[in-house]
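Throw the hints in and build the complete structure from the sequences for me.
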Amino acid sequence: MSGAAHAGDSYLTHGRGLRSWLLTVDHKRIGVMYLGVIVGTLILGGVFALALRLHLWNAGGGLVSNDTYNRLFTLHGAVMVFLFVIPGIPSALGNFVLPLQVGAKDVAFPRVNLLSFYLYLAGAVLFLVTLVVGGLDTGWTLYPPYSLEGARGLGILIALVGVFLAGFSSILTGVNFIATIHKLRAPGMGWFDLPLFLWALYATAIIQILATPVLGITAALGFMERLFHLGLFMPEYGGDPVLFQHFFWFYSHPAVYIMILPAMGIVSEVVSVFSRKPIFGYRFIAMSSLAIAVIGFLVWGHHMFVSGQSQWANLVFSFLTLLVAIPSAIKTFNWLATMYKGAIILKTPMVYVLTFFAIFGVGGLTGLFLGILATDIPLHDTYFVVAHFHFVMVGAVMIAFLAGVHYWWPKMTGRLYDERLGVTSAVLVFLGFNLTFIPQFIVGIAGMPRRYATYAVEFQGQNRLSTVGAFVLTAGLVLALWGLLASLGKAGARAPRNPWGAASLEWQAESPPSHHNFEVPPDGVSPYDYTTLKELPGDQGWVVVGKREVA
Amino acid sequence: MSAPTQRAAAAASPFLQVHFRSMREQLDTAKLGLWLFLASELLFFGGLFVAYSVFRANHPDTFLYAHHFLDWRMGALNTSVLIASSLTAAWSVRSAQLGRQAELRLLLLATLVLSSMFLVVKYFEYSHKLHNGVFWGAAYQPSQEMLAALPAALRAAPPPTNLGTFFSIYFLMTGLHGIHVLIGMGLYLWLIRRAGRGDFGPGYYVPVDAVALYWHLVDMIWIFLFPLFYLM
Numbered sequence: 001m002s003g004a005a006h007a008g009d010s011y012l013t014h015g016r017g018l019r020s021w022l023l024t025v026d027h028k029r030i031g032v033m034y035l036g037v038i039v040g041t042l043i044l045g046g047v048f049a050l051a052l053r054l055h056l057w058n059a060g061g062g063l064v065s066n067d068t069y070n071r072l073f074t075l076h077g078a079v080m081v082f083l084f085v086i087p088g089i090p091s092a093l094g095n096f097v098l099p100l101q102v103g104a105k106d107v108a109f110p111r112v113n114l115l116s117f118y119l120y121l122a123g124a125v126l127f128l129v130t131l132v133v134g135g136l137d138t139g140w141t142l143y144p145p146y147s148l149e150g151a152r153g154l155g156i157l158i159a160l161v162g163v164f165l166a167g168f169s170s171i172l173t174g175v176n177f178i179a180t181i182h183k184l185r186a187p188g189m190g191w192f193d194l195p196l197f198l199w200a201l202y203a204t205a206i207i208q209i210l211a212t213p214v215l216g217i218t219a220a221l222g223f224m225e226r227l228f229h230l231g232l233f234m235p236e237y238g239g240d241p242v243l244f245q246h247f248f249w250f251y252s253h254p255a256v257y258i259m260i261l262p263a264m265g266i267v268s269e270v271v272s273v274f275s276r277k278p279i280f281g282y283r284f285i286a287m288s289s290l291a292i293a294v295i296g297f298l299v300w301g302h303h304m305f306v307s308g309q310s311q312w313a314n315l316v317f318s319f320l321t322l323l324v325a326i327p328s329a330i331k332t333f334n335w336l337a338t339m340y341k342g343a344i345i346l347k348t349p350m351v352y353v354l355t356f357f358a359i360f361g362v363g364g365l366t367g368l369f370l371g372i373l374a375t376d377i378p379l380h381d382t383y384f385v386v387a388h389f390h391f392v393m394v395g396a397v398m399i400a401f402l403a404g405v406h407y408w409w410p411k412m413t414g415r416l417y418d419e420r421l422g423v424t425s426a427v428l429v430f431l432g433f434n435l436t437f438i439p440q441f442i443v444g445i446a447g448m449p450r451r452y453a454t455y456a457v458e459f460q461g462q463n464r465l466s467t468v469g470a471f472v473l474t475a476g477l478v479l480a481l482w483g484l485l486a487s488l489g490k491a492g493a494r495a496p497r498n499p500w501g502a503a504s505l506e507w508q509a510e511s512p513p514s515h516h517n518f519e520v521p522p523d524g525v526s527p528y529d530y531t532t533l534k535e536l537p538g539d540q541g542w543v544v545v546g547k548r549e550v551a
Numbered sequence: 001m002s003a004p005t006q007r008a009a010a011a012a013s014p015f016l017q018v019h020f021r022s023m024r025e026q027l028d029t030a031k032l033g034l035w036l037f038l039a040s041e042l043l044f045f046g047g048l049f050v051a052y053s054v055f056r057a058n059h060p061d062t063f064l065y066a067h068h069f070l071d072w073r074m075g076a077l078n079t080s081v082l083i084a085s086s087l088t089a090a091w092s093v094r095s096a097q098l099g100r101q102a103e104l105r106l107l108l109l110a111t112l113v114l115s116s117m118f119l120v121v122k123y124f125e126y127s128h129k130l131h132n133g134v135f136w137g138a139a140y141q142p143s144q145e146m147l148a149a150l151p152a153a154l155r156a157a158p159p160p161t162n163l164g165t166f167f168s169i170y171f172l173m174t175g176l177h178g179i180h181v182l183i184g185m186g187l188y189l190w191l192i193r194r195a196g197r198g199d200f201g202p203g204y205y206v207p208v209d210a211v212a213l214y215w216h217l218v219d220m221i222w223i224f225l226f227p228l229f230y231l232m
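Going down the list, the sequences are from chains B and E.
Using the working numbering, the letters of the first sequence map in sequence onto residues 1 to 551.
Using the working numbering, the letters of the second sequence map in sequence onto residues 1 to 232.
Among the clues, some could well be false.
What the hints assert, rightly or not - Computed from the model, here is a short list of chain E residues facing chain B with C-beta under 10 Å:
| id | residue |
| --- | --- |
| 1 | S13 |
| 2 | Q17 |
| 3 | M23 |
| 4 | A39 |
| 5 | F45 |
| 6 | D61 |
| 7 | L64 |
| 8 | H67 |
| 9 | L70 |
| 10 | M74 |
| 11 | H131 |
| 12 | N132 |
| 13 | G133 |
| 14 | F171 |
| 15 | G201 |
What the hints assert, rightly or not - Okay, the calculated bits of chain E under chain B, using three or more residues with CB under 8 Å as the criterion:
| id | stretch |
| --- | --- |
| 16 | 178-189 |
| 17 | 219-232 |
Since the hints were made in silico from the structure, they are not lab data.
Glycine included, every Cβ here is placed at the ideal spot set by N, Cα and C.
Shown next as structure tokens:
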């Protein structure tokens, strides 16, 4: 725990050996461990996706059996949602960045933070076990009665425990984040001096704390129902399967805001730094994060328009769903206004963010089609839905995650990645992504249903485009990974403290930061005030000249 | 007082964690964290309360019928036991703040004893039901002895449907609550051990305060469970 920081002692070298990592309570090391596991789950989920797309190359399928196909798309969905997209930004990047941005030494409860990591890891391991045990072919939504029938075997039980554990990991992370932001801010740092990434994490944490326990109890009830035939969800014992859907979406719809809000936080940071302009409409962006978190709790029924819920409920849920568009649009226009007359620098994080704008625009607007009752009914359970949520979850969240990883990589590792590789990866990801999912909008409108192992021959052309796109997207991701990892080698350039000229506090720490983050505990500063920063020649980054405006 | 001075002033306490600037900050942070966790606990139980409401709304006659199998005297006894334990828990925080060590140890012990009394009563309730075939869900098969407890009017008519679901919800809610009581007992054991070492006093009483907060939540949930199952 203790030990004075001396020159050259970073969090990476403070304490050596595997044990010093596995039992660490340092938020930075925990963040890095999260990042490692999360990238692993992305690769696993990605391999499932590629197998799916290869299977769909021909209208008749043929690569794998139909049963295997069902397992593949279930595990693709479950792994990506529960293990990659939900924890991706908050647990990996948030853990690393949040205490640095508030100028603290650690999160409020470091040991709880480590517990949270191991709960997540246990959840991830259990999902791997279901691969071996089999039986999980229900789609990631795990709807009963199908999912809780005896024929599903052990797989579903193990998956439910995995969901439960990953959920509690998420709750504990949320508790830690809110407590840290409330209590451990640097002296002088008021609420409106928080970087917008922290407002985003704060709003996310509210959802994590209040929605995730409902998923936890749902998983527990599903587990008990399957074992003891309680009669809660299974009609044959007097249960109500629609109740499960309500429970499930009460969490899983807010969960999409657990996914997108931190992504929006990263975008707010990057767009300001790489436009060399203070963020436009700071308070509107901050408050719209909270608005999304609050409204997000009231819209779950839009997943159940065709489940037999009352028409009045449908109307109300439809109306509330459209309300979410308002804060989302507020953010988008503020980002664009930030770039207006800015000095835009096209480094990798910014290129990723520009592609985010294009994709999030489409993803958000097609969400309106699905929120409106009249258009949702024919589009329900078609590839249009698949394309829409991939635009938001992959196109927006994963791309923002990549922007964030590149943005904070110099801080995390002390190395600069190769910009050419980074920008190329961003362009490839953008092209591959659109090639994969735009055709799915088209076949969806034409009526191709989701989750089938085979499809009508007339859709084969678009499906092949989609499969090609998936491989281009994979190439982009592999290139990004390679570019990042290569920087860790001997040839990788050393990163200065502040390579981008950002004003928030994490860039005042060493790259990589020392064990306790800062040599001297910093005071709060305006996170988007660039007037006092000056770029040094060469790759020495930016330094503060003159007196900074204190928050 | 500036941050370094605060640290220096508090440096005497071995319980100040390195990332906090003062004992006060550590206490406030711990309590905020615990309140947040309790909020998530409420939502965790909330799922079960919703299940209760949905099934009660759909099958009111079932709920009316089945509550005759629960003994309100046992429930009332347990309610008073838990309320008493909340008093000793709250009182123990006060003792810790004032540094009254003997009183603190006594009150912590009293809380532990009361919470185990609760589980003893619960044990008798559960075993009575399980011996008489009052199980959850599809396994519900009440014995004649159990049915004799019903009012004559209900005995004469055919029983309503979904009785098993009522007991599923009963066992789930009281069971989950019981698990929380067990966890609370573990926490009180831990506090008793630490109080025995003399860890707590006016300068440091975070754990006593935090565990008491948790314990009040456990009591609160029971205070809802008791009327919902035994009285309504």
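Hint check results:
1. Residue-level restraint check for E/S13 is violated (minimum Cβ-Cβ distance to chain B is 15 Å; threshold 10 Å).
2. Taking 10 Å as the C-beta cut-off, the interface hint given for E/Q17 holds, the closest approach to chain B being about 8 Å.
3. Proximity of E/M23 to chain B is violated relative to the hint, the smallest CB-CB distance being about 13 Å (cut-off 10 Å).
4. About 6 Å separates the beta-carbon of E/A39 from the nearest beta-carbon of chain B, less than 10 Å, and the hint is met.
5. With 10 Å as the threshold, the beta carbon of E/F45 comes within range of chain B, its nearest partner Cβ sitting at about 8 Å, so the hint holds.
6. About 14 Å separates the beta-carbon of E/D61 from the nearest beta-carbon of chain B, more than 10 Å, and the hint is not met.
7. The interface hint given for E/L64 is violated, since its Cβ lies 17 Å from the closest Cβ of chain B, which is over the 10 Å cut-off.
8. A hinted interface residue such as E/H67 counts as satisfied when its beta carbon comes closer than 10 Å to some beta carbon of chain B; here the least separation is about 17 Å, so the hint is violated.
9. The closest approach between the C-beta of E/L70 and any C-beta of chain B is roughly 18 Å, which is over the 10 Å cut-off, so the hint fails.
10. The criterion of a C-beta within 10 Å of any C-beta in chain B is not met by E/M74, whose closest approach is roughly 23 Å, and the hint is violated.
11. Taken as an interface hint, E/H131 does not check out: its beta carbon lies about 18 Å from the nearest beta carbon of chain B, beyond 10 Å.
12. At its closest, the beta carbon of E/N132 sits 18 Å from a beta carbon of chain B; the interface hint therefore is violated under the 10 Å criterion.
13. A least Cβ separation of about 15 Å between E/G133 and chain B goes past the 10 Å threshold, and the interface hint is therefore violated.
14. Interface hint status for E/F171: upheld, as the beta-carbon distance to the closest one in chain B is roughly 9 Å, under 10 Å.
15. For the restraint placing E/G201 at the interface with chain B, the shortest Cβ-Cβ distance is roughly 23 Å, beyond the 10 Å limit, so the hint is violated.
16. Only residues whose beta carbon comes within less than 8 Å of a beta carbon in chain B count, and the stretch 178-189 of chain E has 0; fewer than three means the coverage is violated.
17. A stretch counts as covered by a chain when three or more of its residues have a beta carbon under 8 Å from one of that chain; for the stretch 219-232 of chain E and chain B the count is 0, and the coverage is violated.
In summary, the numbered hints that this structure violates are 1, 3, 6, 7, 8, 9, 10, 11, 12, 13, 15, 16, 17.
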